[in-house]
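Generate the whole structure from the sequences, applying the supplied hints.
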Amino acid sequence: MTGYPILDEVVTVHACHYYLSLINRFTETTKNMTEQQLRIYLVRAEDRYIGWIKNIRKMQSHNIIPPIDVAYLWHTHMLSPFRYYEDLTRLRLGDAVRIRIPLKAMYDHRMEPHKHSLELWPILMGPQPYDLDVDNLDGDKYVECLDCHKKMKSK
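Each residue of the sequence shown is one higher than the one before, starting from 1 at the first, in full-length UniProt numbering.
Hints listed in this document are in silico derivations from the structure and should not be mistaken for laboratory results. Incorrect hints may have been included.
[Said to hold, decoys possible] Between beta-carbon pairs, the in silico distance windows are: (1) Thr34 to Arg57: 30 to 38 Å; (2) Cys16 to His109: 12 to 20 Å; (3) Thr76 to Asn136: 16 to 24 Å; (4) Asn63 to His14: 34 to 42 Å; (5) His116 to Glu35: 22 to 30 Å; (6) Glu144 to Thr34: 34 to 42 Å; (7) Lys153 to Arg57: 24 to 32 Å; (8) Asn55 to Asn136: 29 to 37 Å; (9) Ser21 to Leu124: 21 to 29 Å; (10) Asn136 to Arg92: 12 to 20 Å; (11) His17 to Ser80: 21 to 29 Å; (12) Cys148 to Glu28: 30 to 38 Å; (13) Thr27 to His109: 13 to 21 Å; (14) Glu112 to Pro81: 29 to 37 Å.
[As the list claims (entries may be wrong)] In the SDA-like style, the derived pairs of lysine to any residue whose C-alpha atoms are separated by at most 25 Å in a straight line are: (15) Lys115 to Gln36; (16) Lys104 to Gly51; (17) Lys150 to Gln36; (18) Lys54 to Lys104; (19) Lys104 to Cys148; (20) Lys115 to Ile56; (21) Lys115 to Lys150; (22) Lys31 to Ile101; (23) Lys104 to Gln36; (24) Lys58 to Leu38; (25) Lys115 to Lys153; (26) Lys153 to Arg57; (27) Lys54 to Leu22; (28) Lys104 to Asn24; (29) Lys54 to Glu119.
Glycine is no exception: its CB is placed at the ideal position from the N, C-alpha and C atoms.
Below you can see the structure in the form of structure tokens.
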């Protein structure tokens with residue numbers, strides 16, 4: 001016994017610590033952004049998350065740790081369990097609902113990205129940076145609606 005309370009197999013003091021670390025890292029990453037930069041960041045993060053979720057089985061099988069923007073959007077998506085399940089089912093990824101955000105691994109590599117993840121990121125996600133920040137937000141981006149598949153330009 002570690003001396004920490006265990007509510008069940010999911011909610012533990014350690015799990016809460018790792019979860020709060022995710023929220024803190026996202027806040028630290030975005031706190032100095034202007035409102036416009038934050039909007040662009042979130043649009044880009046959503047696009048990157050969609051790419052991630054479409055490749056989630058590969059990501060999990062290769063133990064790739066998601067960057068903070070992707071993990072935060074993943075967390076946000078999971079806050080609506082029915083919508084999350086519905087979206088994964090629509091993408092024919094229904095069984096992926098059991099895949100968890102690797103919060104401990106993210107915490108363990110919070111100071112420096114996991115080398116293995118950095119190496120595999122461009123292979124699975126294309127020519128975009130692993131870390132999304134103010135320095136790589138420039139330019140227009142087109143995103144596709146998951147529901148109607150309409151392309152929309154973000155500014």
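We went through each hint and held it up to the structure:
| no. | hint | in the structure |
| --- | --- | --- |
| 1 | Thr34 to Arg57: 30 to 38 Å | holds (37 Å) |
| 2 | Cys16 to His109: 12 to 20 Å | holds (19 Å) |
| 3 | Thr76 to Asn136: 16 to 24 Å | holds (21 Å) |
| 4 | Asn63 to His14: 34 to 42 Å | violated (19 Å) |
| 5 | His116 to Glu35: 22 to 30 Å | violated (35 Å) |
| 6 | Glu144 to Thr34: 34 to 42 Å | violated (26 Å) |
| 7 | Lys153 to Arg57: 24 to 32 Å | holds (30 Å) |
| 8 | Asn55 to Asn136: 29 to 37 Å | violated (20 Å) |
| 9 | Ser21 to Leu124: 21 to 29 Å | holds (24 Å) |
| 10 | Asn136 to Arg92: 12 to 20 Å | violated (31 Å) |
| 11 | His17 to Ser80: 21 to 29 Å | holds (24 Å) |
| 12 | Cys148 to Glu28: 30 to 38 Å | holds (35 Å) |
| 13 | Thr27 to His109: 13 to 21 Å | holds (18 Å) |
| 14 | Glu112 to Pro81: 29 to 37 Å | holds (33 Å) |
| 15 | Lys115 to Gln36 | violated (31 Å) |
| 16 | Lys104 to Gly51 | holds (22 Å) |
| 17 | Lys150 to Gln36 | holds (23 Å) |
| 18 | Lys54 to Lys104 | holds (22 Å) |
| 19 | Lys104 to Cys148 | violated (36 Å) |
| 20 | Lys115 to Ile56 | holds (19 Å) |
| 21 | Lys115 to Lys150 | violated (36 Å) |
| 22 | Lys31 to Ile101 | holds (23 Å) |
| 23 | Lys104 to Gln36 | violated (32 Å) |
| 24 | Lys58 to Leu38 | violated (29 Å) |
| 25 | Lys115 to Lys153 | violated (33 Å) |
| 26 | Lys153 to Arg57 | violated (29 Å) |
| 27 | Lys54 to Leu22 | holds (22 Å) |
| 28 | Lys104 to Asn24 | holds (14 Å) |
| 29 | Lys54 to Glu119 | holds (19 Å) |
In the structure shown, a violation is registered for the earlier hints numbered 4, 5, 6, 8, 10, 15, 19, 21, 23, 24, 25, 26, in ascending order.
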